[in-house]
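Visitor: As a plain string of letters, each chain reads:
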Amino acid sequence: MKRNEKGPRMSARRRRLTLLEMFLGLLLAVVVLAPVAWMFLSSVMLPVDLTAKPLKFIPETITFERYAQIFKSSTTSDPAYVFRVALKNSFIIAAAVTILSLIIGTLSAYAFAHVRFRGKNGLMLMILFTYMLPPAALIIPLYRIYNKLGWLDKKWPLVILYLSFIIPFIIWVMQDFFGSISKSFEEAAQVDGATRLQTLIYIFLPIARPGAIATGILAFLMSWDEFFYALIFTSSLTSKTMPIAIEEFNGKFTIDYGMISVAGILGSLIPVLITVLFQKYIVMGMTAGGVKE
Amino acid sequence: MRLRKEEERYAFGLIAPSMIVVFGVIIIPIITTFIYSLVNINPLSSHMGEFAGLSFYIKALSSKAFWDDLGRTLYFTIASTAIETVFGLLIALLLNQKFPGVRFLRSIIIIPWAIPTVVNGSLWKLMLNGEYGVINALLQRLHLISSYQSWLGNPKTAMLCIVIADAWKMTPLAVIFFLAALQGIDYTIYEAAKVDGAGMIARFRAITLPALRPTIMVIVVMRTVEKFKAFDIFYLMTRGGPANSTKTLMYDTYLQAFTNLNYSDAATYAYLIAIVVALMTVFYVRMMKRRDLA
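Going down the list, the protein sequences come from chains F and W.
Numbering of the first sequence is given in my numbering, commencing with residue 360 and proceeding in unit increments.
Numbering of the second sequence is given in my numbering, commencing with residue 3 and proceeding in unit increments.
So here's chain W without its partners, still in its complex pose (with noise of 0.2 Å):
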């Protein structure tokens, strides 16, 4: 018993100066914007001070914008976090063949992901410049485009750019962790699979995938995660511009919070962005603890 105790002072010792950090930042903050959300504190609004109970979630969730903003993160989510995962295997499957040059590619292949990510969105706006921008310039070339397209300034493209631009820098991630798993695969197996006359698909279907299934499922989530709340390309390429075709839930948080300084509904947009991170989180965390288990 008294050893248990001076175990559990060792720990306390060894985690209070990262909690003091952590949560001596984030306590204080969390708990007021939750306030926040309950409370008006709208600078601009004639009930400011008002306790409003969850009139600010129930004016958000009834709102046209607050769905159109969901709709619009959602495609921005599911179209990038599928493209890095389907063309993250593709090229992981690629990478791992022996063939001249594949070393080489390797070694490249991370550089995109350590491109900073406000880099890589003025790197993109560049090339996509309507008056000056080299794909427009290859494009044309090509016999593609007869004349020289906005691609940012038009709200039926600009999303897509977007998706392109977050893809480029974040699919390298993906390849190297399908890298690291098909890696991780028993040669022999294959060798096996050739002599009981296996082609190639049914290898995959029978050996690949089912070694990859639980590092899709980490990509999947991971990067679900993190798109949901992207906010840096957005503001850099577009800011949820043209004709709000690029304004996403975490853009509209901003607006509403240093733009039109509705603190109240900001923090209330801010709180349902953060309920569905942490359901994520929760989904996370099982499912790594049952990866750990297999």
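Just chain F, same shape as in the assembly (with noise of 0.2 Å):
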């Protein structure tokens, strides 16, 4: 960290350089951390403190009573315990979301970078351009589909639309990691008498585990935070995700600004968890594919 620190005597001009650099970083911690701790202080403000002008900045008294009130409220109407379905509800579905799209998702990429057959390159440019469809350009057949199946407002339906977008996006990152891994591993590997499939599961994913990780990241983060497909074909406790529970808390005019804020920090925890724990392991998935959230 010090590299440019050498001997106590610093250039001056260097001393002034990193003070510079130091207000700098204050600024931008300011401006990453406020709106967040905003949000955070709103969620244990008093309602007259939220609502008072002049507004004060620091709250005399704070209370947890909504955080207490997400986990007990047992009545269906209720928005805490519509919240706390909804965030049930999400958590499935972008954890079945991510595993399905990892594993099938892996395969196919596993075969776009090492086995060879005729029409890759025209079927990677649709996968791509699958990953980059604008939903509105399906939406409208997708529910008159949906409807006539009886689709509507379920899990697991929801889960097979995820899938449509996200495994195109794990085919196209993770063929980025397995391009990388050299093929004379698959020789040596066939000359010792394994199978392909051999290779592939004792060679080849053991290598690519670290680019797995990020991408299936990734997709329990998209999962979590999809907005288009859960607004058309969610209604009611059975599916509804967080996403839509806080777009419905927005809307009432009956609840307070510490439940929105509430909702927004419960509905931001996992993945703000997650990506600062894997920070590492995103940073790659993002670089690799070249992708975008």
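No lab work stands behind these hints: they were computed from the structure.
The beta-carbon is built from N, C-alpha and C at its ideal position, and this holds for glycine as well.
You may find that some hints are simply not true.
No more than 25 Å apart at the CA atoms, straight line, and that leaves these computed lysine-lysine pairs for PhoX-like [unchecked claim]:
1) F:K542 to W:K7
2) F:K479 to W:K291
3) W:K7 to F:K639
Only part of the chain F face toward chain W is listed, based on derived beta-carbon distances under 10 Å [said to hold, decoys possible]:
4) T377
5) V391
6) F471
7) R475
8) F488
9) Y616
10) G626
Chain F residues, not near chain W, derived (Cβ > 10 Å throughout) [as the list claims (entries may be wrong)]:
11) P418
12) T434
13) L511
14) P565
Need the complex rebuilt from these two chains, each delivered in its own frame; the hints are there to steer you.
Guide: Here it is, written out as structure tokens:
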């Protein structure tokens, strides 16, 4: 860290530069953290303080009552209860999508990187386009089909929808990882008499594990974040996800700002924790595919 | 020859599950949407069921509403991509320096990106609230405004607010891309340039910027595609209002489909958006390939 500070006599110019850097760094920290800090403060402030004019930035009394409400409420019409169920739905859907898309997507990514077949490049382009396709180009027929099949407002049909754009994402990023693994591993294994499937399972999958962790996390976050399909395809507590519950809170005037903030904090908790803990993997996953979120 | 066949069969087995799920969901709807854009299926129209040819496309492209939507979409797309790229680069340059606290900054910079889009929208909507919002309180305390403003209720400021909210969440992504690229630059080149008497700006222009060019391209193209089809934050913060000032192409497509029930118009809009996205995808792939060759 202190490569530039050789000895006690750091040059005056260097010292001034460091001070400037620290000032800019502080400014950056405030811009990054202040909105999050405010969301947390709003979640524990009393309703009177939240709507006070002039607003006190540091409240005198705080309350965790709203958080308690989320965990213990049992009336189905209570926003706190709705939000708890929505969180649970989001978690189940995101977990299912992550596991399924990783298994299905990784196998395909390996094929794209290491097995020769006709039409590979064209197929890859189609996969990438599928990933980038705006869901609006599918939504009207999809809605009609789902309606006919009786698949509206259910969890697993939503999982299938999410798979349709998360699998392409996994293929796109993972084929890059597999591509960086040398073909000589494969040849060596085959000389030793391993079948192709054995080579894949015992040689390639272990080497690609960091990539799989990275893309798996991103798949979870994408599913956790998804809004458009959930908005159209969910309506009741059976399948309603966290983003939809938050959207409904924002549209209701009867819910106090504190409750919206609690929902925001709880909805962000898992993704923020995962991201901060697995930052190294996530950065790797994002920069490998050169992809979005 | 036999080996080749065997290899293809193996590949087919590996990709079949993906293809079944992905194309199983997508093929029928994407073809049907195209048919909807050619055949009038608007349930409220007297021409329902009639073949319309390209008339929905002509109608869209010759209506003022479409071009107004496109203008707002481009404003949002260009403004937020520009902010994210420029600030992303500046912040990455700062975080690439060595000063006390920089490690802490590097670990927290990713937090806004991790916050779900809907939570981000809801957070900024609360902060910008015209009656109780903390931003109003702060600006008044600093004497920058004399009375509380309804930032999202004013057609002049609503779009700017969304740009800021979106940039707050997504700039960290650009920072991370730039940091990764900066760390790949050989440090000794800078030392050599210093010895040769190159100043800070000269070093930036001669070494840093050329090294970052591929990353800048990737960010600009990827973000442009994403912004072009952004929907969530508009739905959450303004629903296209006030006075249509935040109605983008994507949002209008949603309105046509689910509020006005003009399915054919919505399908046409969606296809026009998809065409733009497809063109950008091809451009992106070409660019990535060129990067690999370099």
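Visitor: Which hint numbers doesn't this structure obey?
Guide: Hint 3 is the one this structure does not satisfy, whereas the remaining hints hold.
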